[in-house]
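Q: The lines below spell out each chain.
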Amino acid sequence: MEHILFMLFAAALGIGGYSLMARASLRSLLPSLFVGVIGTGVYLISLESGLPEFASNLLGATVIYIGCAIAAKLFKAPTTIFLIPAQIILVPGKYLYHTFSHLLADEYMLAWESCLITFEVSAGIACGLVCGLIIFSIATSIQKPIVKLIKKH
Amino acid sequence: MEKTSLSFNFDETMAESYADIVLCTALDIGEHLLKNGAEVSRVEDTIERICFAYGAAHVESFAITTLIVASVRMQDGEFSEQMRHVKTSAMNLYRVEKLNNISRQICQDHITVSEAREQIEKYKRSKPYPESIQIIGQVLVVFGFTLFFGGNWFDSIAAAIIALVVALVSRIDLPFNKGNLQVIVRSFIAGALSELSVNVGLAQNLDCVLIGTIMMLIPGLALGTAVYDMFNGNLISGMMRALQCLVVAIFIAIGYAAALWLV
Numbered sequence: 011m012e013h014i015l016f017m018l019f020a021a022a023l024g025i026g027g028y029s030l031m032a033r034a035s036l037r038s039l040l041p042s043l044f045v046g047v048i049g050t051g052v053y054l055i056s057l058e059s060g061l062p063e064f065a066s067n068l069l070g071a072t073v074i075y076i077g078c079a080i081a082a083k084l085f086k087a088p089t090t091i092f093l094i095p096a097q098i099i100l101v102p103g104k105y106l107y108h109t110f111s112h113l114l115a116d117e118y119m120l121a122w123e124s125c126l127i128t129f130e131v132s133a134g135i136a137c138g139l140v141c142g143l144i145i146f147s148i149a150t151s152i153q154k155p156i157v158k159l160i161k162k163h
Numbered sequence: 579m580e581k582t583s584l585s586f587n588f589d590e591t592m593a594e595s596y597a598d599i600v601l602c603t604a605l606d607i608g609e610h611l612l613k614n615g616a617e618v619s620r621v622e623d624t625i626e627r628i629c630f631a632y633g634a635a636h637v638e639s640f641a642i643t644t645l646i647v648a649s650v651r652m653q654d655g656e657f658s659e660q661m662r663h664v665k666t667s668a669m670n671l672y673r674v675e676k677l678n679n680i681s682r683q684i685c686q687d688h689i690t691v692s693e694a695r696e697q698i699e700k701y702k703r704s705k706p707y708p709e710s711i712q713i714i715g716q717v718l719v720v721f722g723f724t725l726f727f728g729g730n731w732f733d734s735i736a737a738a739i740i741a742l743v744v745a746l747v748s749r750i751d752l753p754f755n756k757g758n759l760q761v762i763v764r765s766f767i768a769g770a771l772s773e774l775s776v777n778v779g780l781a782q783n784l785d786c787v788l789i790g791t792i793m794m795l796i797p798g799l800a801l802g803t804a805v806y807d808m809f810n811g812n813l814i815s816g817m818m819r820a821l822q823c824l825v826v827a828i829f830i831a832i833g834y835a836a837a838l839w840l841v
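Top line first, the protein sequences correspond to chains A and B. The numbering of the first sequence is the working numbering, which starts it at 11 and goes up by one. The numbering of the second sequence is the working numbering, which starts it at 579 and goes up by one.
It is worth saying that the hints were derived from the structure and are not from the lab. One thing to keep in mind: the hints can contain errors.
No farther apart than 25 Å at their CA atoms in a straight line, the calculated lysine-lysine pairs in the BS3-like style are these [unchecked claim]: (1) A:83 / A:161; (2) B:700 / A:86; (3) B:665 / B:700; (4) A:86 / A:154; (5) B:702 / A:86; (6) A:86 / A:161; (7) B:665 / B:702; (8) A:83 / B:665; (9) B:705 / A:86; (10) B:702 / A:83.
Some chain A residues judged to face chain B by a derived CB distance under 10 Å, without partners named [claimed, not checked]: (11) 21; (12) 23; (13) 90; (14) 91; (15) 101; (16) 113.
Here a beta-carbon is modelled for each residue, glycine too, at the ideal position from N, C-alpha and C.
Start from the sequences, fold in the hints, and give me the full structure.
A: Shown next as structure tokens:
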């Protein structure tokens with residue numbers, strides 16, 4: 011648990027720093043930091059519980075998308091400005107590095123393996139974003155008639 | 579349509595019809611959204627909404643990562659078709675937020691074309707805070723990622739110092755400090771300093787320092803966006819982004835490889 015908390019602290023520094031690097035407004039920095047840390051937490055817990063990289067990234071990205079879509083509704087801003095910094099921690103930079111370092115060391119099989127993991131992680135993130143989008147769309151379409159009904163009665 | 583005191587003079591460009599001006603305004607917003615990190619579908623959607631808000635009867639827009647083509651037909655039959663070649667620039671989420679606000683004002687508050695253009699001019703070069711804060715952000719990213727990927731405090735401090743040096747060097751106006759060549763230069767400096775930091779005993783794990791510093795250069799997020807674009811049916815944009823990522827990744831690898839061989 012302590013290990014995960016330390017990783018979340020490191021992730022918060024990375025996400026906050028990336029928000030500043032991508033010139034996000036201070037108004038959007040805190041929500042993306044909050045959502046990003048929660049998504050990273052989901053990703054880390056999924057990995058710890060034995061799920062593969064694809065599934066862990068999918069779950070993390072889904073949570074991040076839903077969080078960012080809610081923030082976008084609340085702050086009346088595009089989802090992208092919250093999403094880009096929040097999901098940076100899931101980006102497969104580590105595996106891209108391993109791909110090239112193995113290539114440079116003439117370890118072609120290992121390089122190919124790392125390359126496949128890079129695409130697996132990217133696909134996991136993309137699927138997660140699409141899942142988040144679908145869940146959020148369904149939730150908003152259900153919410154509207156319910157709110158109307160409540161207001162009627 | 580009244581003349582504005584902006585840098586873009588409609589009379590000089592022969593863009594005199596209302597349809598031309600409306601489409602030009604919509605494309606200005608779309609271009610800056612795309613330049614500063616917005617997704618392709620948002621750009622197309624924004625252009626269409628703006629044109630409809632200014633009275634268009636029919637709008638078509640098509641965007642990829644480097645090009646926007648749009649046409650508009652107004653209710654009186656006036657027609658305009660324009661395209662923009664969008665050159666890539668650094669991500670600026672503040673501008674995306676502000677430009678999106680202008681689009682919202684056009685659609686909801688019905689501000690005039692002149693008012694919209696004044697706001698575009700105001701925000702298209704705006705920054706939310708000084709460069710120094712952005713440099714601090716870059717240092718924080720590298721510090722945080724080095725810790726996240728298994729580095730210790732010494733590795734993170736070394737990586738943060740390297741990030742600071744890279745950030746300062748990339749702001750020097752030199753001929754090689756532009757475009758893809760800049761990526762190679764930055765990777766070379768980051769790789770060489772990472773190796774040096776381990777050699778002099780400042781850092782202990784070369785891999786962690788390298789991964790930490792690589793995260794400030796890597797287009798990993800664009801790779802995710804590329805797959806997302808493809809999943810969303812924007813196959814051309816997705817393929818283009820994926821190819822851009824691959825090219826940048828190769829340049830980073832060249833820079834790091836050169837540094838590790840030479841140092």
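Q: It remains to establish, for every hint, whether it holds in the given structure.
A: Do the hints match the structure? See the list:
1. Note on residue 83 of chain A and residue 161 of chain A: the hinted pairing holds, with a Cα-Cα distance of about 21 Å set against a maximum of 25 Å.
2. Taking the CA atoms of residue 700 of chain B and residue 86 of chain A, the gap is near 20 Å; set against the 25 Å cutoff, the hint holds.
3. Taking the CA atoms of residue 665 of chain B and residue 700 of chain B, the gap is near 20 Å; set against the 25 Å cutoff, the hint holds.
4. Distance check on the hinted pair: residue 86 of chain A and residue 154 of chain A sit about 17 Å apart at the alpha-carbon level, within 25 Å; holds.
5. For a cut-off of 25 Å, the pair hint linking residue 702 of chain B to residue 86 of chain A stands: about 20 Å separates their Cα positions.
6. Taking the CA atoms of residue 86 of chain A and residue 161 of chain A, the gap is about 23 Å. The hint holds against a cut of 25 Å.
7. A hinted pair counts as satisfied when its Cα atoms are at most 25 Å apart, and residue 665 of chain B with residue 702 of chain B qualifies at roughly 14 Å.
8. Restraint check for residue 83 of chain A and residue 665 of chain B: not satisfied, since their Cα atoms lie roughly 30 Å apart, outside the 25 Å limit.
9. For the given pair, residue 705 of chain B sits about 20 Å from residue 86 of chain A by alpha-carbon distance, which is consistent with the 25 Å threshold.
10. Only pairs whose Cα atoms come within 25 Å are accepted, and residue 702 of chain B paired with residue 83 of chain A is accepted, the gap being roughly 24 Å.
11. Because the closest C-beta pair between residue 21 of chain A and chain B is about 6 Å apart, less than 10 Å, the hint holds.
12. A least Cβ separation of about 3 Å between residue 23 of chain A and chain B falls short of the 10 Å threshold, and the interface hint therefore holds.
13. About 6 Å separates the beta-carbon of residue 90 of chain A from the nearest beta-carbon of chain B, less than 10 Å, and the hint is met.
14. Annotation: residue 91 of chain A was flagged as interfacial toward chain B, and the flag holds, the nearest CB pair being 4 Å apart, inside 10 Å.
15. Using the Cβ-Cβ criterion of 10 Å, the hint placing residue 101 of chain A at the interface with chain B is satisfied: the shortest such distance is roughly 3 Å.
16. Because the smallest distance between the Cβ of residue 113 of chain A and any Cβ of chain B comes to about 7 Å, under 10 Å, the interface hint for this residue holds.
Violated hint: 8 only; the structure is consistent with all others.
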